[in-house]
Amino acid sequence: MNNLTAREKGFMYVITLLIIVVLGYFFGIRTLNNKYEDYKKQLAALEQRKAHLDQIRQNNASMATEIQTLIEANKQLELSFIDKVESETITEYVLKLFEKEGCPYLTTVTALDTGMPTITYPDGTNSPDGLVCLKLLVKYVSTDGYTVPGYNLNPNFTISATENPAAQALKMKDQMGNPDYAPRTGYDQFISAVKKINAANESCIKVNSVEVTTVNAYMELSAEISFYGTSLRNRLSVDNSTDDYTKWSGPSNTEIKCDGGFIGFPYICDNPLSLWYGVENVSIDHKAHKPFATYWANYLFNQNYEKSGRNMRKMLNFGAAPTPAPEKTQDTKKN
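Mapping the sequence shown onto our numbering, position 334 (from 1) lands on 334, and the numbers just tick up by one.
Hints were generated in silico from the structure; no laboratory data involved.
Computed from a predicted structure; not experimentally measured.
There may be inaccurate statements among the hints.
Result set (EDC-like, lysine to aspartate or glutamate): computed pairs, CA atoms no more than 16 Å apart in a straight line [to be verified]:
1) K196 x E101
2) K195 x E224
3) K247 x E92
Quick list of the computed label-pair ranges, beta carbon to beta carbon [to be verified]:
4) L275 x L112: 22 to 32 Å
5) S203 x I119: 16 to 26 Å
6) P128 x E202: 23 to 33 Å
7) N271 x I191: 35 to 45 Å
8) R49 x L232: 37 to 47 Å
9) Y121 x Q55: 23 to 33 Å
10) N240 x D144: 40 to 50 Å
Just so it is clear, CB atoms sit at the ideal spot from N, CA and C, and this is done for glycine as well.
Hey, can you work out the whole structure from these sequences and the hints?
Pasting the structure below:
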């Protein structure tokens, strides 16, 4: 190297510098350029990923809004049905409404649980949630416009202890056919009650049918009413309904006073505390079969009824127990 001239040395320095530059390009800048392309590709992928995540986040926000909207819609749907379908509450509501409308002459009322279709999932399993239906069947009668109605003793024919029952019966007889005491009512009042029940909540109450039949100058008026509720495992809404068909508004068991025999219509009532006192049941067939009695008790009752001349007061002697017919008693002893 020392034998080289200055010119040769300069030329060698230039060649060495070129070699260093070429090597630096191949092993440095070119490598960096290759990494730069990789970085650009990674950046593009990250930007695409970010755009995808932003879209998911936007979709999640939209989905959350949609979910909340569906929840509110489900709540409204749940509240359109009765939360707890209680037969005693619904029956009390219906009977009270008919009575309020001026149709109190109830003959029969029946509450039936009606099976509803089961919800089946796509996998074949059954849903624990479903509809509940209570069907109420009521039958009322109208008045005939002649016989004085005795419901709630209106007009009041309650007999005092000093008044003769026979004289009071004659007074009642004199009112027969009097429009002031024996109005023809029932049909208009029945229809009015049915309309109000049907309009109370169209989403969960439906009057299925109405039937009117003429019987012995009065009418039998029947209605079939369905009340729909839900049985839900995970209920979303809270039912704070105060409708009469959702809560019991009748008397408690401690407020019902039965000391005077308010429930039922006896043959003859000798209890002055009873609302039936002094009212004679003339609408029943005394000789009709009594499913609750044994055959011999029913037989003896009919025999004593015939021997009394079909006079129920004479036979029962105002509450005294009837005695068996003598000849039938002897026949019984012989057997």
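Okay, the hints, checked on the actual structure:
1. K196 x E101: 10 Å, holds
2. K195 x E224: Measuring from Cα to Cα gives roughly 13 Å; hence the hint holds.
3. K247 x E92: Answer holds: K247 to E92 is near 10 Å, not above 16 Å.
4. L275 x L112: 22 to 32 Å: 31 Å, holds
5. S203 x I119: 16 to 26 Å: Hint holds: Cβ distance 18 Å, inside 16 to 26 Å.
6. P128 x E202: 23 to 33 Å: 27 Å, holds
7. N271 x I191: 35 to 45 Å: 37 Å, holds
8. R49 x L232: 37 to 47 Å: 42 Å, holds
9. Y121 x Q55: 23 to 33 Å: 31 Å, holds
10. N240 x D144: 40 to 50 Å: Hint holds: Cβ distance 46 Å, inside 40 to 50 Å.
Checked against the numbered hints given earlier, the structure satisfies every one of them.
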